[in-house]
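Using mature numbering (1 follows the signal peptide of the UniProt record, and there is no 0), the letters of the sequence shown map in sequence onto residues -24 to -1, 1 to 312.
A hint or two may mislead.
Unchecked claim - With a straight-line cut-off of 25 Å between C-alpha atoms, the simulated PhoX-like cross-links for lysine-lysine are:
hint, residue 1, residue 2
1, LYS222, LYS33
2, LYS262, LYS203
3, LYS262, LYS181
4, LYS311, LYS284
5, LYS33, LYS93
6, LYS221, LYS33
7, LYS300, LYS284
8, LYS311, LYS93
9, LYS236, LYS248
As the list claims (entries may be wrong) - Listed next, with one range per pair, are the computed distances between beta-carbon atoms:
hint, residue 1, residue 2, range
10, GLU237, LYS93, 14 to 24 Å
11, GLU288, GLU4, 21 to 31 Å
12, VAL267, THR180, 16 to 26 Å
13, ARG134, LYS248, 33 to 43 Å
14, PHE175, GLY144, 21 to 31 Å
15, ASP307, THR62, 37 to 47 Å
16, ASP32, LEU52, 41 to 51 Å
17, THR62, PHE175, 29 to 39 Å
18, GLY226, ARG278, 49 to 59 Å
19, GLY163, ALA(-1), 52 to 62 Å
20, ALA31, ARG278, 42 to 52 Å
21, VAL267, SER60, 20 to 30 Å
For the record, the hints were derived by calculation from the structure and aren't laboratory data. Note that this is a predicted model, so its numbers are computed, not measured. Yeah, the Cβ is synthetic: ideal placement off N, Cα and C, and Gly gets one too.
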Amino acid sequence: MKTLKFALAAGVAMTLLSAVPAAAQFTERNIRLSNGVNEDHPNGKGVEKFRTCLADKSGGKLKVQGFWGNALGGDLQATQALRSGTQEMVVTSSSPLIGILPDLGVFDLPFLFANEKEADTILDGPFGNYINGKLETVGLVNLAYWENGFRNLTNSRRPVEKWEDFKGLKVRVMQNNVFLDTFKNMGANAVPMAFGEVFTALETKAIDGQENPFVTIDTSKFYEVQKYLSVTRHAYTPFLTLYSKKLWDGLSKDEQAALKECAVVARDEQRKASRELGQASLEKIKGSGVVVNELNEQEANRMREQAKPVWEKHASTIGPETVKMMQDELDKMRKK
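Just need the whole structure built from these sequences, with the hints factored in.
Next up, the structure:
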């Protein structure tokens, strides 16, 4: 009888134990996260949210140490450190990594997204996951897409309201083949130039214009030497929130899940901060006396059509499958 009672009690105990979830597995870790930007950038808000979220989910075991202004090297150097397993994380724009993964060049294609909602839908959907899979093959785990933002055109000669208005403008662009071809295709004189030289070149009229996000136009005070800002949204690049695949594979499932969840929570905070700051910069630019114009939908579509040869020219370098998938996802989204 005693044996039966003992067996029953043991059975009840085992049932109760099996009903209690296993304790989450977290190890004390210091995660070094590199940024090319300064901490007052919207990425600072994202990293802070990421840090507090991870501390909450891991009981304080997963700690994030932010390094700002290329303190651990430039974006490409930091990304190579991730690939070799000597650094945990980096938040980097997609453009510097094209040499590692040519498919990332898809984000440089002109007039890719019409607005932030389109960008979010593509990046947070099947296409974003497709690029994530590609990144893993080169030793990188992308936890979420943060926002680098839309680039817009300023110049000292005229408002750009249709693609023909680009003709003859001498515009500074980044040393990037897609960007150079985009402006040449529109009839502009594309001039690659170091960023530090742009203000003086605009001031002395060595060039007519430049293209950058609102915040950069504001903080660089380009509005002091430009008359017109055209909201062209001709380029949109995301930030990638990358983790070393070598180090990722050594994490527990609980740690991996927490990192992914917190990167998404931080993404929402970073995008919100980025868009609020962009709007504040736009208002400041307007207040300076710069004439600001938005493209109407018809002219934006004409610009997109005019840019198609640039897509076709660079598809083979980026990857035809990747460019086709992007176009298919855009078409599907716009038909809804």
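Comparing the hints with the structure gives:
{"no.": "1", "hint": "LYS222 with LYS33", "result": "23 Å, holds"}
{"no.": "2", "hint": "LYS262 with LYS203", "result": "10 Å, holds"}
{"no.": "3", "hint": "LYS262 with LYS181", "result": "21 Å, holds"}
{"no.": "4", "hint": "LYS311 with LYS284", "result": "19 Å, holds"}
{"no.": "5", "hint": "LYS33 with LYS93", "result": "29 Å, violated"}
{"no.": "6", "hint": "LYS221 with LYS33", "result": "21 Å, holds"}
{"no.": "7", "hint": "LYS300 with LYS284", "result": "13 Å, holds"}
{"no.": "8", "hint": "LYS311 with LYS93", "result": "14 Å, holds"}
{"no.": "9", "hint": "LYS236 with LYS248", "result": "19 Å, holds"}
{"no.": "10", "hint": "GLU237 with LYS93: 14 to 24 Å", "result": "23 Å, holds"}
{"no.": "11", "hint": "GLU288 with GLU4: 21 to 31 Å", "result": "52 Å, violated"}
{"no.": "12", "hint": "VAL267 with THR180: 16 to 26 Å", "result": "21 Å, holds"}
{"no.": "13", "hint": "ARG134 with LYS248: 33 to 43 Å", "result": "34 Å, holds"}
{"no.": "14", "hint": "PHE175 with GLY144: 21 to 31 Å", "result": "22 Å, holds"}
{"no.": "15", "hint": "ASP307 with THR62: 37 to 47 Å", "result": "42 Å, holds"}
{"no.": "16", "hint": "ASP32 with LEU52: 41 to 51 Å", "result": "33 Å, violated"}
{"no.": "17", "hint": "THR62 with PHE175: 29 to 39 Å", "result": "37 Å, holds"}
{"no.": "18", "hint": "GLY226 with ARG278: 49 to 59 Å", "result": "52 Å, holds"}
{"no.": "19", "hint": "GLY163 with ALA(-1): 52 to 62 Å", "result": "59 Å, holds"}
{"no.": "20", "hint": "ALA31 with ARG278: 42 to 52 Å", "result": "50 Å, holds"}
{"no.": "21", "hint": "VAL267 with SER60: 20 to 30 Å", "result": "50 Å, violated"}
Hints 5, 11, 16, 21 from the earlier list are contradicted by this structure; the remaining hints agree with it.
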